[in-house]
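Undergrad: Given next are the chains, with one letter for each unit.
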Amino acid sequence: MKPSKLVIETNQLTYSYGNSLVIDNIDLSVEKNSIYGFLGPNGAGKTTTIKLLVALLHSRRNSIKIFNKDVVANRLEILSKLGSLIEEPSLYDHLSAFDNLRQKAIIFNLDNKRIDHVLELVGLKLSSKKKVGEFSSGMKQRLGIAKVLLSDPELIILDEPTNGLDPSGMIEIRELMKHLCHECGKTIFLSSHLLGEIEKICTDVGIISNGKIVFQGSLNDLNEINNKQLEIFTGEPERLKELLLKMEYDFSQKENKFILCYISDQSTSKLIELICSHSISIYSLRTIEKSLEDLFVKLTTK
Amino acid sequence: MTLFIRVLRSELIKAKRTKGFLISFLIPLIISTILFIVYYVKYEYFVSMGVNPWVLMGTNVFRIMGLIVLPMYLLLTAYIVNFTEHRSKSRKDLFTLPVPKFHIYMSKVLLIVIWYFIFILTSCFLFFLSAALLSFLRPELSFEDYDSNYLIIKTFSQLFVSGFGILSIQFFFSIYWDDFIRPVGLGFVFIIVTILLNSWKYIYLFPYSHPFYVSRSFTTYMDEKIIYYLLYGVLVSIVFFIGGYFMILQDETK
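Quick note, the sequences are listed as chains L and S, same order.
Just so we're aligned, residue 11 is where the first sequence starts under my numbering, counting upward by one.
Just so we're aligned, residue 5 is where the second sequence starts under my numbering, counting upward by one.
Partner residues are not named here, just some residues of chain L that face chain S (Cβ under 8 Å, in silico):
{"#": "1", "residue": "L66"}
{"#": "2", "residue": "L86"}
{"#": "3", "residue": "S90"}
{"#": "4", "residue": "S94"}
{"#": "5", "residue": "E98"}
{"#": "6", "residue": "S100"}
{"#": "7", "residue": "L101"}
{"#": "8", "residue": "Y102"}
{"#": "9", "residue": "H104"}
{"#": "10", "residue": "L105"}
{"#": "11", "residue": "R112"}
{"#": "12", "residue": "Q113"}
{"#": "13", "residue": "N119"}
Okay, derived cross-link-like pairs now, DSS-like style, lysine-lysine, Cα gap no bigger than 25 Å in a straight line:
{"#": "14", "chain 1": "S", "residue 1": "K105", "chain 2": "L", "residue 2": "K75"}
{"#": "15", "chain 1": "L", "residue 1": "K267", "chain 2": "L", "residue 2": "K256"}
{"#": "16", "chain 1": "L", "residue 1": "K251", "chain 2": "L", "residue 2": "K308"}
{"#": "17", "chain 1": "L", "residue 1": "K79", "chain 2": "L", "residue 2": "K42"}
{"#": "18", "chain 1": "S", "residue 1": "K23", "chain 2": "S", "residue 2": "K93"}
{"#": "19", "chain 1": "L", "residue 1": "K123", "chain 2": "L", "residue 2": "K91"}
{"#": "20", "chain 1": "L", "residue 1": "K42", "chain 2": "L", "residue 2": "K91"}
{"#": "21", "chain 1": "L", "residue 1": "K123", "chain 2": "L", "residue 2": "K188"}
{"#": "22", "chain 1": "S", "residue 1": "K229", "chain 2": "S", "residue 2": "K205"}
{"#": "23", "chain 1": "L", "residue 1": "K139", "chain 2": "S", "residue 2": "K93"}
{"#": "24", "chain 1": "S", "residue 1": "K23", "chain 2": "L", "residue 2": "K141"}
{"#": "25", "chain 1": "L", "residue 1": "K79", "chain 2": "S", "residue 2": "K105"}
{"#": "26", "chain 1": "S", "residue 1": "K20", "chain 2": "L", "residue 2": "K135"}
{"#": "27", "chain 1": "S", "residue 1": "K20", "chain 2": "L", "residue 2": "K141"}
{"#": "28", "chain 1": "L", "residue 1": "K79", "chain 2": "L", "residue 2": "K91"}
{"#": "29", "chain 1": "L", "residue 1": "K123", "chain 2": "S", "residue 2": "K20"}
{"#": "30", "chain 1": "L", "residue 1": "K251", "chain 2": "L", "residue 2": "K238"}
{"#": "31", "chain 1": "L", "residue 1": "K210", "chain 2": "L", "residue 2": "K15"}
{"#": "32", "chain 1": "S", "residue 1": "K93", "chain 2": "L", "residue 2": "K91"}
{"#": "33", "chain 1": "L", "residue 1": "K79", "chain 2": "L", "residue 2": "K222"}
{"#": "34", "chain 1": "S", "residue 1": "K93", "chain 2": "L", "residue 2": "K140"}
{"#": "35", "chain 1": "L", "residue 1": "K251", "chain 2": "L", "residue 2": "K267"}
{"#": "36", "chain 1": "L", "residue 1": "K15", "chain 2": "L", "residue 2": "K79"}
{"#": "37", "chain 1": "L", "residue 1": "K91", "chain 2": "S", "residue 2": "K105"}
{"#": "38", "chain 1": "L", "residue 1": "K210", "chain 2": "L", "residue 2": "K308"}
{"#": "39", "chain 1": "L", "residue 1": "K75", "chain 2": "L", "residue 2": "K91"}
{"#": "40", "chain 1": "S", "residue 1": "K20", "chain 2": "L", "residue 2": "K139"}
Simulated from the structure, these hints should not be mistaken for laboratory data.
Even glycine gets a Cβ: it sits at the ideal position worked out from N, Cα and C.
Next up, chain L with everything else stripped away, as it sits in the complex (with noise of 0.2 Å):
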């Protein structure tokens, strides 16, 4: 049997707060060597969905599989090899940034030249021996990644991860994902409330709103779904509207400006044909592209 690609599978995943249901039935599958994006507006169930991915919440069915394995049955297996940033890094105010990554050193049984290594790596190694409850927003969200990296993780998981950071540290932290992927092979899956911010490093993209998934798939799929559209100005507004709607097109229109979805563009000249055959006056016919920001809000806001 082939061995599977995914590194995250999950099978009609499904939880509840007490009556509220906040995760839908989600199928996730996120492929090794891959950069996840997990996007969804606030409360769209992201965060849960990580808890659930690391068993720090437990669906009813063992629906979740990682590296191939079942999460609940080989929890600590799976944990060995993932490191996760959920929220708001966990830091101790009362220790350095250096005490703060070896008391998990210690776990892990790492040496001191790994947590000098991983502070370099988020740029902190000037500020190892500081207290962390010193610390800007900004510097601790860059511990926190750097104590996800730490136990140098297949799999990495973050939420939100450019949280509190400036747009040079988002920038660094953008770079070292990559890098992270493309070089180290690792997979990452992060979660964000940001377009831009997946649309420039990730290579998949998964959508939630309202617990349920809307959108899997690559970036590029992402491009292309619904992302054309024609636009039609007309001087005849009523008949070109008779004619759409006997040739069933889905459309919409206000006054004379009609949007019809871009098929292709053999479609496209099937209709040019048409209205030009019943003698419709058009005054221009143009493919517009829709941004991913319009089709990431006209997907999450149903």
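Take the given structure of chain L and dock chain S to it, following the hints.
TA: Chain S only, in chain L's frame:
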């Protein structure tokens, strides 16, 4: 076992510079210093009483500790150990470590027991140090005429065991509640209730009274009963420590 030791070492790093470690030394030091000064300055008064100075000083120390200091110390340390995690919201981090939850829980229990042991050991050491200094500086107190080492060490040992009931209950409260007011406030109310009802015949069923019973037994020699109270306290602590573990197991980090 090596994994458990690594988890415990990690706990010891987290405990660095926390108040729990500090008060384990500081409280015994303050009590011993005050007693030393009182005995040094007012030695004539104590000499005039004509009793064994070990028992006299021991009674003072054990009364203070048994009634208020030891229970308060246990309230604070149980709070500090768990508050370190509550404040940094690190439960989600701890439970995503590739370590059994039992190791994490037991390392915390062991840490607090180590602190408590340091507290008792420091108290005992400083008691003997004070007595030795007083014996040298105020020979009139005649510490050298009596040998009460066994009695003192035995009472400190009993005091150590007598705190386990309080320790386990406060530890349970401090896991359950993430603030200062509820676990420490409730513990404080229990201490006050113990003081008010200390002559009630069933007060021994309430673990907060056990250190007080030990301190009283130092002079009243109610040894036989004390053993049962201590055993009962240990049983209560086992129940609450196990209960705390099950609470952690059931808890979902929302």
